[in-house]
Amino acid sequence: DAGVIQSPRHEVTEMGQEVTLRCKPISGHNSLFWYRQTMMRGLELLIYFNNNVPIDDSGMPEDRFSAKMPNASFSTLKIQPSEPRDSAVYFCASSFTGANTQYFGPGTRLTVL
Amino acid sequence: GESVGLHLPTLSVQEGDNSIINCAYSNSASDYFIWYKQESGKGPQFIIDIRSNMDKRQGQRVTVLLNKTVKHLSLQIAATQPGDSAVYFCAGRALTFGSGTRLQVQP
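Going down the list, the sequences are from chains A and B. Per the numbering used here, the first sequence starts with residue 34, numbered consecutively. Per the numbering used here, the second sequence starts with residue 129, numbered consecutively.
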């Protein structure tokens, strides 16, 4: 299995631009998680889906952030408009529902100038 | 809510020594914990987990100890190797992660 796939691996953009991060979970997993990691705040859960349905989005920082999961094999995290403070590494993880072990992707390093 | 944190931001050990990484949690009702290892440039990777009905669980070269009385858990790595150098996180069922301890293994 290829594991969780994220794209792009690196993204550099200017303030105000729209950013879309992509994730393909492990085949068969039905829970998907988006995290953000910074030096200051560590690893934070933004949102998670179960069977393509958002279950808990309380970690989404503000309305500029949105996430979708149109099918079991694809999810996006969008930031519009992006701001410098959004600079971080964004991880996607997946798991079987009810299983506590999550499998993380390699992350997308976002830099907003 | 559940709060999970780690005691030390950095731990430096000599190759071959045993390492102990500590973690504290706030919610006495927390019933499940996971340790993750994150190498530079990679996502966190599952190491070992433990449920609250256990005090100890062993894996390959790793042992997790849970002390529910003081709400503390630790990850012990035996015969630490350079490949163990990474940031280690403990996490609770509520998907709250601590800030991580960076383990540096000196040759």
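The hints are simulated quantities; they were obtained by calculation from the structure and are not laboratory data. Mixed in with the good hints there might be a few duds.
If the Cβ cut is set under 8 Å, some of the chain A residues that face chain B in the computed set are [unchecked claim]: (1) G75; (2) L79; (3) F129; (4) T130; (5) G131; (6) T134; (7) F137; (8) P139; (9) G140.
What follows is a set of in silico ranges between Cβ atoms, one per label pair, in the way DEER data are often shown [claimed, not checked]: (10) T197/B x R55/A: 42 to 50 Å; (11) M73/A x N146/B: 29 to 37 Å; (12) N84/A x F174/B: 42 to 50 Å; (13) D183/B x S40/A: 19 to 27 Å; (14) T53/A x A207/B: 38 to 46 Å.
Reference excerpt, derived from the structure (chain A facing chain B, CB under 8 Å, subset only) [unchecked claim]: (15) I38; (16) F98; (17) G138.
Just so we're clear, the structure is a prediction, and the values are computed from it rather than from any experiment. Glycine is no exception: its CB is placed at the ideal position from the N, C-alpha and C atoms.
Verification of the supplied hints:
1. G75: Holds, about 4 Å.
2. L79: violated, 10 Å
3. F129: violated, 13 Å
4. T130: It is violated, given that the least Cβ distance between T130/A and chain B is near 14 Å, above 8 Å.
5. G131: violated, 11 Å
6. T134: holds, 5 Å
7. F137: Check passed: Cβ of F137/A comes within 3 Å of chain B, closer than 8 Å.
8. P139: For P139/A, the interface hint holds, since the closest Cβ of chain B sits about 6 Å away, which is under 8 Å.
9. G140: holds, 5 Å
10. T197/B x R55/A: 42 to 50 Å: Holds: the Cβ-Cβ distance is about 45 Å, inside 42 to 50 Å.
11. M73/A x N146/B: 29 to 37 Å: holds, 31 Å
12. N84/A x F174/B: 42 to 50 Å: For N84/A and F174/B the Cβ distance comes to about 22 Å; the hint is violated.
13. D183/B x S40/A: 19 to 27 Å: violated, 43 Å
14. T53/A x A207/B: 38 to 46 Å: 45 Å Cβ-Cβ, so the 38 to 46 Å window holds.
15. I38: For I38/A, the interface hint is violated, since the closest Cβ of chain B sits about 11 Å away, which is over 8 Å.
16. F98: The hint is violated - F98/A has no Cβ within 8 Å of chain B, the shortest such distance being about 17 Å.
17. G138: Interface hint status for G138/A: holds (6 Å vs cutoff 8 Å).
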